[in-house]
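Got chain A; can you put chains B, C and D on it based on the hints?
Protein chains: 4
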Amino acid sequence: MKYIRKINYYETDGMRVVHHSNYIRFLEEARCYMLEKIGLPYSEIENQGFMIPVLEVNCKYKFPARFNDIIEIETNIAEFNGIHFIIEYTIFNSTTNKVCATATTKHCFTNSDLKPVSIKKLRPDLYDKFSLYK
Amino acid sequence: MKYIRKINYYETDGMRVVHHSNYIRFLEEARCYMLEKIGLPYSEIENQGFMIPVLEVNCKYKFPARFNDIIEIETNIAEFNGIHFIIEYTIFNSTTNKVCATATTKHCFTNSDLKPVSIKKLRPDLYDKFSLYK
Amino acid sequence: MKYIRKINYYETDGMRVVHHSNYIRFLEEARCYMLEKIGLPYSEIENQGFMIPVLEVNCKYKFPARFNDIIEIETNIAEFNGIHFIIEYTIFNSTTNKVCATATTKHCFTNSDLKPVSIKKLRPDLYDKFSLYK
Amino acid sequence: MKYIRKINYYETDGMRVVHHSNYIRFLEEARCYMLEKIGLPYSEIENQGFMIPVLEVNCKYKFPARFNDIIEIETNIAEFNGIHFIIEYTIFNSTTNKVCATATTKHCFTNSDLKPVSIKKLRPDLYDKFSLYK
Numbered sequence: 449m450k451y452i453r454k455i456n457y458y459e460t461d462g463m464r465v466v467h468h469s470n471y472i473r474f475l476e477e478a479r480c481y482m483l484e485k486i487g488l489p490y491s492e493i494e495n496q497g498f499m500i501p502v503l504e505v506n507c508k509y510k511f512p513a514r515f516n517d518i519i520e521i522e523t524n525i526a527e528f529n530g531i532h533f534i535i536e537y538t539i540f541n542s543t544t545n546k547v548c549a550t551a552t553t554k555h556c557f558t559n560s561d562l563k564p565v566s567i568k569k570l571r572p573d574l575y576d577k578f579s580l581y582k
Numbered sequence: 449m450k451y452i453r454k455i456n457y458y459e460t461d462g463m464r465v466v467h468h469s470n471y472i473r474f475l476e477e478a479r480c481y482m483l484e485k486i487g488l489p490y491s492e493i494e495n496q497g498f499m500i501p502v503l504e505v506n507c508k509y510k511f512p513a514r515f516n517d518i519i520e521i522e523t524n525i526a527e528f529n530g531i532h533f534i535i536e537y538t539i540f541n542s543t544t545n546k547v548c549a550t551a552t553t554k555h556c557f558t559n560s561d562l563k564p565v566s567i568k569k570l571r572p573d574l575y576d577k578f579s580l581y582k
Numbered sequence: 449m450k451y452i453r454k455i456n457y458y459e460t461d462g463m464r465v466v467h468h469s470n471y472i473r474f475l476e477e478a479r480c481y482m483l484e485k486i487g488l489p490y491s492e493i494e495n496q497g498f499m500i501p502v503l504e505v506n507c508k509y510k511f512p513a514r515f516n517d518i519i520e521i522e523t524n525i526a527e528f529n530g531i532h533f534i535i536e537y538t539i540f541n542s543t544t545n546k547v548c549a550t551a552t553t554k555h556c557f558t559n560s561d562l563k564p565v566s567i568k569k570l571r572p573d574l575y576d577k578f579s580l581y582k
Numbered sequence: 449m450k451y452i453r454k455i456n457y458y459e460t461d462g463m464r465v466v467h468h469s470n471y472i473r474f475l476e477e478a479r480c481y482m483l484e485k486i487g488l489p490y491s492e493i494e495n496q497g498f499m500i501p502v503l504e505v506n507c508k509y510k511f512p513a514r515f516n517d518i519i520e521i522e523t524n525i526a527e528f529n530g531i532h533f534i535i536e537y538t539i540f541n542s543t544t545n546k547v548c549a550t551a552t553t554k555h556c557f558t559n560s561d562l563k564p565v566s567i568k569k570l571r572p573d574l575y576d577k578f579s580l581y582k
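Protein sequences appear in the order of chains A, B, C and D. Using our numbering, the first residue of the first sequence is number 449, and each one after it goes up by one. Using our numbering, the first residue of the second sequence is number 449, and each one after it goes up by one. Using our numbering, the first residue of the third sequence is number 449, and each one after it goes up by one. Using our numbering, the first residue of the fourth sequence is number 449, and each one after it goes up by one.
Bear in mind the hints are in silico, worked out from the structure with no lab data behind them. Since the structure is predicted, the reported quantities are computational estimates derived from the model, not experimental observations. A couple of the hints might just be wrong.
When chains are identical, the list treats them as one kind, so a pair holds in a single copy or across two.
What the hints assert, rightly or not - Here are the computed lysine-lysine pairs in the DSS-like style, where the Cα-Cα straight-line distance is at most 30 Å:
#, residue 1, residue 2
1, Lys569, Lys510
2, Lys454, Lys569
3, Lys485, Lys577
4, Lys563, Lys582
5, Lys510, Lys577
6, Lys510, Lys454
7, Lys508, Lys554
8, Lys563, Lys454
9, Lys554, Lys577
10, Lys510, Lys568
Looking at chain A on its own, in the form it has when it is part of the complex (with noise of 0.2 Å):
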């Protein structure tokens, strides 16, 4: 799954090179289109009442991002249990054909309250269709 994007000027900083904090931004729209694309758009997600908290970020920078920069970033689940899983990314920028980061970040599901979820128990049908993409 590869979702492609251009670097705006207002995520550069003093650097000249996109601000780090923005690769985590750049993470959760990738994994937005990735969740939409098998079928699990993020907004239905959340209108049968579930939230799907990030737990834990893991960033390698590689090599920096600039203005008006397409970088690819590649989704893949790494791991799912049906209470955890772990996104694996890279984000490739292909205006310099250098690789920018690399990433991981592990989330659950949790009801409106942010309480965590047994999704297997409570969705199967969201489990099964989760679980086809490990």
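For chains B, C and D alone, kept in the frame of chain A given last:
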């Protein structure tokens, strides 16, 4: 009413100055600070079922602020008729002794569905408090 | 000239709508898109030693956009005299069929030290290109 | 070293809690604060031709912070070998008395072209200052 804060690195852009969109965020900080100081903290307003969306923003940029500069934001309620109100701001850079920007924002009170309400009718106590500072 | 993009989750705030400061960023995206389409990409302008700072922003907010909504931004060069120019914008929410916001931004050309310059004198070719779209 | 700040409205997202990407920005604020307190303000480091890019970020999210909450960020230089260094952080929410997040960031010193340099060789004085706080 004067709100003071430092410029963060992530608030600068590729020109090595504060990105112009961030001043709009600084105005919000100064506005919340002012509301708190006059006894109407925004969190309390929200808890009582009201919201204060922004209807209009005008900002004139004079001299850019840079990383680590200290800015002081003067706020003033310029107009208030129980439905709408206008706040005026001057953002002064005390590191360079120059005015960064002057701005106004226009607001109304709404219920939690973002429908405009007359605070004068619904909450004369809030109306009176607010009127004092006009 | 129409620039189209989706609303990201991180662009919403505690009211579950796009934070008002983010529209100012969307205007920049649309402006860069327009400059590219008329043959004056901003990265090229910067490479030639010019900058286009924002002198003034006016934004009137109508109906809020939410996560996943698609917005379309219409841009138009309203004034240009070789020194200053004004761009007008309409941000249309094509998910809700409502206008989110209308806005104008005022700019000038500067050198890399942020001193205003007359593009008409310094670069009549850029001046002509720009004038075509007024 | 403890850095204290309030949560702004624009830092919350549609879940009405601080967006996870913003904690990465708070870490930068706390890091700059620490560097200043130990006599190595980041602006001075940049003026001397050095930069301190972020090589890696790890953040574990515990309990979300909300608008107006006060957070306290404890920072600590965990490793330093003259080339790389690692900073550890605990973000404590003093409004709720809960830990929001724990994090580490990895950095190196580079020249202004973002090439890694040995601060130990180039600037033994900075090296000594930094080593004191390891």
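Here is how each hint holds up against the structure:
In this homomeric assembly, Lys569 and Lys510 come within 30 Å of each other (Cα to Cα) only across copies, at 24 Å, whereas the closest approach inside a single copy is 40 Å. Proximity of Lys454 to Lys569 under the C-alpha cut-off of 30 Å is found in neither arrangement, the shortest distances being 40 Å within a copy and 33 Å between copies. Taking identical chains as interchangeable, the C-alpha atoms of Lys485 and Lys577 lie at most 30 Å apart only when both belong to the same chain, with a minimum of 11 Å there against 41 Å between chains. In the homo-oligomer, the alpha carbons of Lys563 and Lys582 lie at most 30 Å apart inside one protomer (24 Å), although the nearest pairing across protomers, at 38 Å, exceeds that limit.
In this assembly of identical chains, Lys510 and Lys577 lie within 30 Å of each other by CA distance solely across copies; the values are 28 Å between and 33 Å within a copy. With identical chains, the CA atoms of Lys510 and Lys454 are at most 30 Å apart both within one copy (18 Å) and between copies (28 Å). Proximity of Lys508 to Lys554 under the C-alpha cut-off of 30 Å is found in both arrangements, the shortest distances being 15 Å within a copy and 9 Å between copies. Within a single copy, Lys563 and Lys454 get their C-alpha atoms only as close as 36 Å, which misses the 30 Å cut-off; across copies the closest is 25 Å, which meets it.
In the homo-oligomer, the alpha carbons of Lys554 and Lys577 lie at most 30 Å apart inside one protomer (18 Å), although the nearest pairing across protomers, at 37 Å, exceeds that limit. Taking the shortest Cα distances, Lys510 and Lys568 sit within 30 Å of each other only across copies (23 Å), while inside one copy they are farther apart (37 Å).
Checked against the numbered hints listed earlier, the structure breaks hint 2 alone; every other hint is satisfied.
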